[in-house]
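Chemist: Listed below, chain by chain, are the residues.
Protein chains: 2
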Amino acid sequence: MNSAVWIWYPGDFEIYHGMKQNFRREERGLGWPAFWKMDDWRKNLRFFRKYELKEAETFTVYGRGVGHVQVDGQKIPIGKEISVSAGTHLIEVFIGSMTGLPCIYVENSAEEGSIYSDSTWGVDDFLEAVPAGTSSLYTRREQDPGEVEYEELLVQPQSVTEKDGGALIDFGRMVDGRPVIVFKDNRDSERAFTILYGESEDEAMDAAFCYYKEENTTADRELRKRAFRFLYLPGIRPGEIEVRAVHQRVPLKVRASFHSDDEMVNRIWEVSEETYKLCSGLFFIDGIKRDRWVWSGDAYQSMMVNPYLYFDREIDKRTSRALRGNTEIRQHINTIVDYTMLWLISIQNEYMMDGDIAYVREMYPKMEAVMDLLFSQTDERGFVKGRERDWIYIDWADIDKDGPISAEQVLLWKCCGVMAYCAGRLADRDGSSVSDDNRSECGQNIAESRKPALGPDGRPLPADHVAPYDAPLPAEERQRLKERAAIYEEKAENLRQAILDYYWDEEKGALIDSFTSGRRNVTRHANIFAALFDFADEEQKKQICWGVLYNENVPQITTPYFKFFELDALGKLGDLDGIWKMLHEYWGGMLERGAVTFWELFDPAEEGRAQYGMYGDPFGKSLCHAWGASPIYLLGRYFLGVRPTSPGYATYEVKPALQYFDKLDCTIPVGKKSVHITLESGELAVSEC
Amino acid sequence: MNSAVWIWYPGDFEIYHGMKQNFRREERGLGWPAFWKMDDWRKNLRFFRKYELKEAETFTVYGRGVGHVQVDGQKIPIGKEISVSAGTHLIEVFIGSMTGLPCIYVENSAEEGSIYSDSTWGVDDFLEAVPAGTSSLYTRREQDPGEVEYEELLVQPQSVTEKDGGALIDFGRMVDGRPVIVFKDNRDSERAFTILYGESEDEAMDAAFCYYKEENTTADRELRKRAFRFLYLPGIRPGEIEVRAVHQRVPLKVRASFHSDDEMVNRIWEVSEETYKLCSGLFFIDGIKRDRWVWSGDAYQSMMVNPYLYFDREIDKRTSRALRGNTEIRQHINTIVDYTMLWLISIQNEYMMDGDIAYVREMYPKMEAVMDLLFSQTDERGFVKGRERDWIYIDWADIDKDGPISAEQVLLWKCCGVMAYCAGRLADRDGSSVSDDNRSECGQNIAESRKPALGPDGRPLPADHVAPYDAPLPAEERQRLKERAAIYEEKAENLRQAILDYYWDEEKGALIDSFTSGRRNVTRHANIFAALFDFADEEQKKQICWGVLYNENVPQITTPYFKFFELDALGKLGDLDGIWKMLHEYWGGMLERGAVTFWELFDPAEEGRAQYGMYGDPFGKSLCHAWGASPIYLLGRYFLGVRPTSPGYATYEVKPALQYFDKLDCTIPVGKKSVHITLESGELAVSEC
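So the sequences go chain by chain: A and B. The first sequence: position 299 = 309 (our numbering), numbered continuously. The second sequence: position 490 = 500 (our numbering), numbered continuously.
Chain A extracted, bound-state conformation (with noise of 0.2 Å):
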């Protein structure tokens, strides 16, 4: 079976597309792109595939750039048809775009032919060949994987009335898209008018500090893609228009369902759903509104709720590449320590989920280049301290940032340990232990013939062959990654140590958050990492229980992104009641706003046009924002108690809490299988399907 898909240098995808959506967001009529290093796609390639044919075969090599096929070193133009006889062939593309992702598709012109484009073929930036990168989303010729392609949904108001003089639209929901106004009189084609946007009824009415805002357009130009609830269009009346919305999604399939017997919980995964699809396009970006941007702290936590709502193998790897970059690493992920450190941990969480060691080997290099960054930074205690330029973030709250930090030491123990890991685990690979079923997309055979080829002035080119990323590795690389491993667990014991020695105070069982400033100020935030990454010990988890989690006097989290963090480490601590409780509270509270996504920020005091504001920006606050959506998270991996003991859910745990329920009817992903936990009557159904 022929199964083309279009080729590209693998990650270049991602870079290019996550530079494109963090280019893309808006304020008030100017743009902003993100404010970080941006890497670059590589602009000039060489794909090359070697075929021992056993028939002559027909082929076109189709492209999007300037360049040519060689067939045997022979030249043709691209999207000419190709004839080989039958025998070896050395196939090469040359290919360079300056302005779109440089990638081809290789055509065969019989179902059952052997030359195709697929993850099997080598790319080449003429430094080093790696397999070729591809997406399931663009499998077929006419397509151009240097646009997105969106499933488009239209959008029928909720409401059209009359407003200060004005139509006032509540679609009822939020879209991410096209408004589209059609005015009932044909002879208003050319009128020209203002839309007002807003993701509340009073951002849209505002027209001073809305967001978005599109002036002098007549209805028949098409608006470009922005996210909105209500619309307001100064000084036309509801009678005048037709109004629809156009709204715009990357298809990505639900495949988990929740229903339980308490109505708010089953709306707040209801509307947590609805948030994280919104949020989930190519990459997992924070807010439709805004920033629209790819930040590593938010995608980790997307990335924790995808098992349980999507299982969806690629978005997590478009984003963690995108995130990246290249493998040379200058400036921290999103210029943010800790994100590049939960950037590292995500590796393990994906590979925990899929199982897709190619994907590991893949990241590797990428990995050993952030962990060769942080130590550049590190102490002599072996502490990672920011340089000039980096952000020590962890969250919005008054962490005592004097020196290094403890949060960023527990990351850091952390990131040892999945290195320790990664490399372990890339290291015991014999060739025979990833199943068909976890293969990655780039993870099949190539021709093992090392000839090398020529180039256009009869030199050698690079090698016609490289070793795909599930490919056993040689064993002089294995015994290399072992050592690796093992110094990875000696830096972590090392750095165990010295974070005890320097921040854990026995008397207020807690990591205080500086040792240098002499104020031995504690937050939550260490002591959740050290409690969620067992960075403490089962002793030292009842202290930070009731030293720092439960203690009142230790000041509250306020932010949604950290609290997800909490209340994970909660669930591992086997306090259920405590997220039960905010659920009901906080995302209950939102609800009982009439949200229709879960917001940036909930504070229960602030009411009115004062909950929208965020940042000194009185519609500042995003109204859509990934991390609201972590309920599915916490339900499915506490409350369903879903999650894999191997990776790729080889096996795995279903230990539902029924004390909270009386009936459930809920579906987890659990590979490519799906769970069933039906709860009624008392009577608990497991079913796997």
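Heads up, some of the hints might be wrong.
No copy labels: a pair is met if it fits in one copy or bridges any two.
Taking lysine-lysine pairs in the DSBU-like style, the calculated list, with each CA pair at most 30 Å apart, reads [what the hints assert, rightly or not]: (1) Lys287 x Lys665; (2) Lys518 x Lys552; (3) Lys30 x Lys85; (4) Lys47 x Lys376.
No lab work stands behind these hints: they were computed from the structure.
With chain A held as given, fit chain B onto it using these hints.
Modeler: The following block gives chain B in isolation, referenced to the frame of chain A:
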């Protein structure tokens, strides 16, 4: 006086356009992007400048890309007039572009206003801040620095004749542009026809093998830029059409002239000038039909010609920046080890031409990175060797390339000397030695304030100050450079000794190619470099003359590329007769064949169609090739005897070789001024004007 210019990240203009240039090769209907790693221009930038204003000012920022302006942290859209009060202000512009060159133009509303974009601005890719890049070609706000602005010249055909049932058009000169064909009968405006292009008539008449062919075109369609002298339109009668061509060129001013009593030499100068002009656009390219690429070896020679024709300070630098790309270097320039070294040597040549120390400062880190790469591939004797995918070129000749070869070592020795010189010059600078005349386009003062600006999230942004490239260096940097200079000197001395030990054959009076093969083969190449770069002492030079240069048993140089080095060496050794003979025979020989530009290669033995073939391709030879223009250098440097004796022609020598001429009336630029040399009735007059 307010003289705003477009500004960008320094070097990125050249990387961007260099890539465009290197993607422009076309061959018989297929595209051929250059086969090397292409560095990327930066997509996401922050421009900044702090101003201390005595009075309020009004200005507007224009930009190519998405982004916004920040004045003291306040966001303002691009394209909007901005007013600022008297006092201190930080102006920042954030701009990103994926498809073009991100760049800005800041225009003041008042002639005498102080806020406008120029090289005193800093620019930042969110890693390091550097002084902004500029070009004298982009000074008007309506321009787009992402597009080359060509000057267009209408060319009328010299003849249109009927041949084999079609129209053969001869423009009598090389055109790099597009043909314009108009049918006299308006009804033919939709008529489809074919254009065959040729540098020679043979090529244009050969539908199968001509390089460029436009099939199925119509009179109203604009054709792409191509090089040709002849066109052939099959099936079109000359009477049916009107033909012209639009020649496109980057405006570059010829400042030299050469008239002597030797008509052949005059004509050689003329045709060299024509060849050189055609092969210099934004960059020095190799040839106009083929490859249209920027090659370092070719550019090295074009840069030698430059002071004797244009004395253009910018084209050398644009070419060097395009060749070298970003600071990190993993692949040799054009993949060729010797081309990397010639690139480095050319920096000193450029400095000798215009004395622009700011440019040396800008390039110095890129030069050090080159040296690090070279040293990373030396053996225990200090000899540089090719890595797996490196190309050890030197010349198309039978050089014994076993093991490290001598020609590469002589270049490496020269590079050490260049580094010692440049590091020394930079270390010597106390900030007072650069006259205004010799300032780089990147070299004025920038406000010195160092208060950190605040970013979008209240975090400190990079400094709002960056030292210009010609600022005095801090003492510790000067000390470091002094130490580097000493290290390079020592390396050069050690290398010289090793080269003599391993390659110098006292008996042959020559450097052998290889000491590992045991063949002790002698070619001219290493010996020419040894004489040219003063590796050889006076005694050894004499030995090389008789042992190699005048030794008919040592195979002749066959390429004009290396012939240039040989003639330069002869000139240096004082053998002007040898050059004079070569001018008349080789270049004169091409003139006798009716050449209107000089060729990539000339072999008097080849006649007819055969003379156009090269690389196994019947029309593979470029008939307008930059290195064909070297007579301008040879005549200017050795026969008019003009050369700088200190950087920037602060002092220079004029020493015409009067024995070859009865009459001379020549002008050669020497910095901003020129020397006028006349010889008439045995009387020589030299004046500066």
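Chemist: Between Lys47 and Lys376, at a C-alpha cutoff of 30 Å, which is it: within one copy, between copies, both, or neither?
Modeler: both (16 Å within a copy, 20 Å between copies)
Chemist: Within a copy, between copies, both or neither: where do Lys518 and Lys552 come within 30 Å Cα-Cα?
Modeler: within (12 Å within a copy, 86 Å between copies)
Chemist: Should Lys30 paired with Lys85 be assigned to within, between, both, or neither, using CA atoms and 30 Å as the limit?
Modeler: The answer is between: 21 Å across copies meets 30 Å, while 34 Å in one copy does not.
Chemist: Is it within a copy, between copies, both, or neither that the alpha carbon of Lys287 lies no farther than 30 Å from that of Lys665?
Modeler: Answer is within; shortest intra-copy Cα gap is 26 Å, inter-copy 79 Å.
The earlier numbered hints are all upheld by this structure, with none contradicted.
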